[in-house]
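Trainee: Let the sequences and hints guide you as you build the complete structure.
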Amino acid sequence: MRVFKKRQTKVKSFFRSEDMDLCQLLLHTENAFDCLIEVGHHGAVQFNNVYDEDRLLNNLYSKKVTQCYELLRIVDSLHTYIVQLHVNEIFYPDVDRENRLKEKDLAKYSDSLKRIHVEASAVTEHYYRLDSRRNRMMEHSFALNKANKYMVSDMGSELLYSESTVIGLVQDATTTSGAYPAHLNYMIGCIRADKFYSFELLLYRLCSFNLIIRFSEMPSPVYEYHYGYKPERVRKFAILMMASSTMIWPKVLKICAHYHVNIYDCPSSASQREDKVKELSQEIVNVEKVLKEAELMRRQILEVAGRDLFIIRVNLRKALKVYDLMNRLRLVGGVEVPRYLLAEVYIPSSDVPEVEVILRNASRISGGADNIDSSDEDEMNDMKTMPNTTPYPIEADFQPLEDMSAGAILLKKNRLVNHMPPTYFRLNKFTRGFQNLIDAYGMADYKELNPAPYTIITFPFLFAVMFGDLGHGILLILFSSLMIWKHREIEKYQINATSENEILNILYAGRYIILLMGVFSVYMGLVYNIVMAKGFNLFGSSWSCRYNETTVYDPAFHVTLDSSHPHFYSGHPYPLGMDPVWAVCGQDSITTTNSLKMKMAIVLGISQMMFGLGLAAANCVLMNRKADLILVVIPQMIFMLCLFGYLVFLIFYKWMSYGGHKPAPYNAACAPSVLITFINMMLMKKEDPVENCLDYMYPNERMIEFALVGIAFCTIPILLAGKPIYLMRRRRKMQQERERDFKRMRRQTIAEMRSTMRYTDDDNSETSRQKSVDNEEEHEMSEIWIHSGIHTIETVLGSVSHTASYLRLWALSLAHDQLSDVLWHMVLTKGFANTLPLYYGVPVLMATFFAWAILTVAILVMMEGLSAFLHTLRLHWVEFQSKFFGGAGESFKAFNFPTSNQRS
Amino acid sequence: MGAAFFPVLFFTALWGGVGIAMPIMTPKGPHQNLIRCILMLTAACCWLFWLCCYMAQMNPLIGPKLKRDVVAMIGRSWNNPIVAG
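For the protein sequence lines, the chains are A and B, in the order given. Each residue of the first sequence is one higher than the last, beginning at 1 in the numbering used here. Each residue of the second sequence is one higher than the last, beginning at 1001 in the numbering used here.
Hints listed in this document are in silico derivations from the structure and should not be mistaken for laboratory results. Heads up, the beta-carbon is just placed ideally off N, CA and C, and yes, glycines get one too. Watch out, some of these pointers could steer you wrong.
[Unchecked claim] Pairwise CB distance ranges, derived in the manner of DEER restraints:
#1 B:1028 to A:789: 46 to 52 angstroms
#2 B:1073 to A:591: 18 to 24 angstroms
#3 B:1028 to A:112: 50 to 56 angstroms
#4 B:1028 to A:804: 42 to 48 angstroms
#5 B:1028 to A:429: 52 to 58 angstroms
#6 B:1073 to A:595: 21 to 27 angstroms
#7 B:1028 to A:441: 29 to 35 angstroms
#8 A:874 to B:1073: 39 to 45 angstroms
#9 A:790 to B:1028: 53 to 59 angstroms
#10 B:1028 to A:794: 39 to 45 angstroms
[What the hints assert, rightly or not] Which residues of chain B face chain A? A partial, calculated answer using Cβ under 8 angstroms:
#11 1024
#12 1026
#13 1037
Mentor: Structure follows, in structure tokens:
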């Protein structure tokens, strides 16, 4: 066996995923549990193929898994009792560190849980029985009271209306005079209120007027206890039933049993009834005393349980996870006495030494008892062999061998594997938010370039292009700074909260994104010259106007400053951002700002797409895919540069060459439209020049444009056919090499092609490959051609649609600006302009300001911010990442215990 | 007359300092490359944005349209007094 050597690895940033080592982990069954507990806390080991559906369990730990489930059920039962009585269950925030689980602790947990459960169950059952008994006595007492009152006061008058009584009286009159009516029979009981009406209706249909029912509701609900269910509070009715004949009682009793009516004894005389009530009251008082004692004892037991229940629950869940994993590992060693568990694991290369140290420490701690036993045995051996001299080297050899066999062993595997290693990025609290944005789209392939480092700046930047406003940016900075400053309180709240706050979690996870979005919005506010819809004049406007009073006070006054006159335009632009004159001239500035923002959106969009293609080239270089670089990425770059790079050049050239103050043919009248020029270039069309203007922007423009279009269209056949032809030639060469008994490498070829097309490679077995080599080759070749065609179409059409997609930067910026202006003019200006007296004017102004402030935060910051966020996300996921990002990898799923919180 | 000399030089030097000088001076550590990437991207994005805004206003094709109250405000606040007569 070769032990993996320590290797110092430099920690890298997350431009690419971490190096992964495929290792074999050999665990001794005596300390595997403790080793895996430590591995779970460290969280840097991924076990391969253990959670597949067809994985066979070794069944060595099935009993342990069942035992953990049983103990967790007991924990839940105790938790239910604790919640019922509102007993305090102590929460330990540091349970993961201070109460770390060991395998021998499980026996203690099992014993203590079972003992407490037995005691709690017994006390609870006793309490329930006492409470039921008290409830029955209370019902009995109440029913007796009501019956006694009823029969004493109303007996004579009610009986007159009974049909059977009237008949009886008539019969008695015919036989004897003055005889007493027939003897009445009566019965008392209690029934649930929700069942009473159907009970009464049924008795009426059965007995008609031969039975009289009177009922009264008990003053307070009582608890009913059923085994296995939660105690239930129910309303109860006390009922009194009277009948003149005893023949109907058996039927009535059956119905009462069916409706769970509690029947109680009722003495016949009033004095006996009163004595019974007093007796019941005394018994109720006695039972209540015993009940208080029982409840106190119950509460004490549950308080003892609540002291440790959280720790036990958390550790039992970890134990369950570990035993389930151990049950899925492969057993090696002797057939009759298996002693080792074998697992194939992925570990980040830089974490391998740390994992080794953890495993060694766990083995040593777990072997402490063995060491004591071993030393005891040594002492006994020494005593026995006191007269003889034992050779020292033999004993020395024996001890390390035992340690070697008991410890966990981690071996690095060097053989090639078919599947791609998982992707793992080492992140901190700043970079995690940005990585989450990328992972929501797709996980990077192993060692593929990660878009997240570049997204740290480009994402907030593009957001700010749409959202740019100095005031709103400051609001974002304040909000995110508050979350960053209060991060300890927020994390403590998240741990201790009994219910999860989804919105707070999302905002807290993205607090650094919000901070950068705010910072860049402040910068954009400076460049756009916007603070809450208003501009500012820091450096003096480049535009000026000098008029006399006659001109200004003319009723038809409406002037456009002439950009060709030195009195109006100084010749030098405003140094930082937009000139403040465009802020004060109102809606008339839309023409200029729209033109600026549209061109800016195109420039930024094409820059980002070219940056993405640059990353694609870097990715090909790093992954050693020269064919992809030369035949796919470089043609794409040439295509983009010849067409859309030229569009950017046209934009800059027009900005430099044409101006209102320049003489013809470079003045405002002769300025051509960049879009029309670009369309004419694509259509190879020529337009007649405007009078006194040239028909070109620069000399030889037509010729250069035709050349660029020609070059761009020449790259399309290379994109379409370059790689398939290269693969065909390579396959032919490989076939020749195969005839010379060289190793075949077709699988990698297909993997390269398919990874470029974002398909996961299939693991074809050698047998099926040999069976139908010819058919498979043809199928694969046609598949390659189809993918290449799709990729070419997507590249060409995608260039146009992605460039147009970046115009949303202008659209959202315009929307944000106009909404801000509307709020200013329609809400706050009305407060400023009100002419009410001071006593009323100030409250009106305050109310107007609060309305404006609330609407600013709710609409402009929240709604517009979310809209800009989503559009920025789409620009990154589709327009930027489609240039270079495959996103077909698997994430590194370490065996890990999540942080314990109140809800664990 | 086109661009003025000082603003172009100032902002190019500013963002050039952020994008070229500061990455060179980044202290060594586990996140050195990440910090350099952040600085260079910030400088490139901000400089490009400022440049587009500046160049768009170098040679304006049309001037702003102003109303009477705007002219009065400019006359009072921006040191462009209205001449008597």
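Trainee: It remains to establish, for every hint, whether it holds in the given structure.
Mentor: Here is what the structure says about each hint:
At roughly 49 angstroms, the beta-carbon separation of residue 1028 of chain B and residue 789 of chain A lies within the given 46 to 52 angstroms, and the hint holds. Under the hint 18 to 24 angstroms, the C-beta atoms of residue 1073 of chain B and residue 591 of chain A, about 21 angstroms apart, fit the expected range. Here the CB-CB span from residue 1028 of chain B to residue 112 of chain A is close to 54 angstroms, well matched to the stated 50 to 56 angstroms. Range check, residue 1028 of chain B to residue 804 of chain A: about 44 angstroms between beta-carbon atoms, so the 42 to 48 angstroms window is met.
Checking the proposed 52 to 58 angstroms range against residue 1028 of chain B and residue 429 of chain A shows it is violated: the Cβ atoms sit about 22 angstroms from each other. Taking 21 to 27 angstroms as the suggested C-beta distance range, the pair residue 1073 of chain B and residue 595 of chain A conforms, at roughly 25 angstroms. For the pair residue 1028 of chain B and residue 441 of chain A, the beta carbons lie near 33 angstroms from each other, so the given range of 29 to 35 angstroms is met. For residue 874 of chain A and residue 1073 of chain B, the hinted distance range of 39 to 45 angstroms is satisfied, since their beta carbons lie about 41 angstroms from each other.
Take residue 790 of chain A and residue 1028 of chain B: their Cβ atoms lie about 46 angstroms apart, and the range 53 to 59 angstroms is violated. Residue 1028 of chain B and residue 794 of chain A have their C-beta atoms about 42 angstroms apart, which keeps the hinted 39 to 45 angstroms range intact. With a cut of 8 angstroms, the hint placing residue 1024 of chain B at the interface with chain A is violated, because the nearest CB-to-CB distance is about 17 angstroms. The closest approach between the C-beta of residue 1026 of chain B and any C-beta of chain A is roughly 12 angstroms, which is over the 8 angstroms cut-off, so the hint fails.
The beta carbon of residue 1037 of chain B comes within 5 angstroms of a beta carbon in chain A, closer than 8 angstroms, and the hint placing it at the interface holds.
When each numbered hint is compared with the structure, violations occur for hints 5, 9, 11 and 12.
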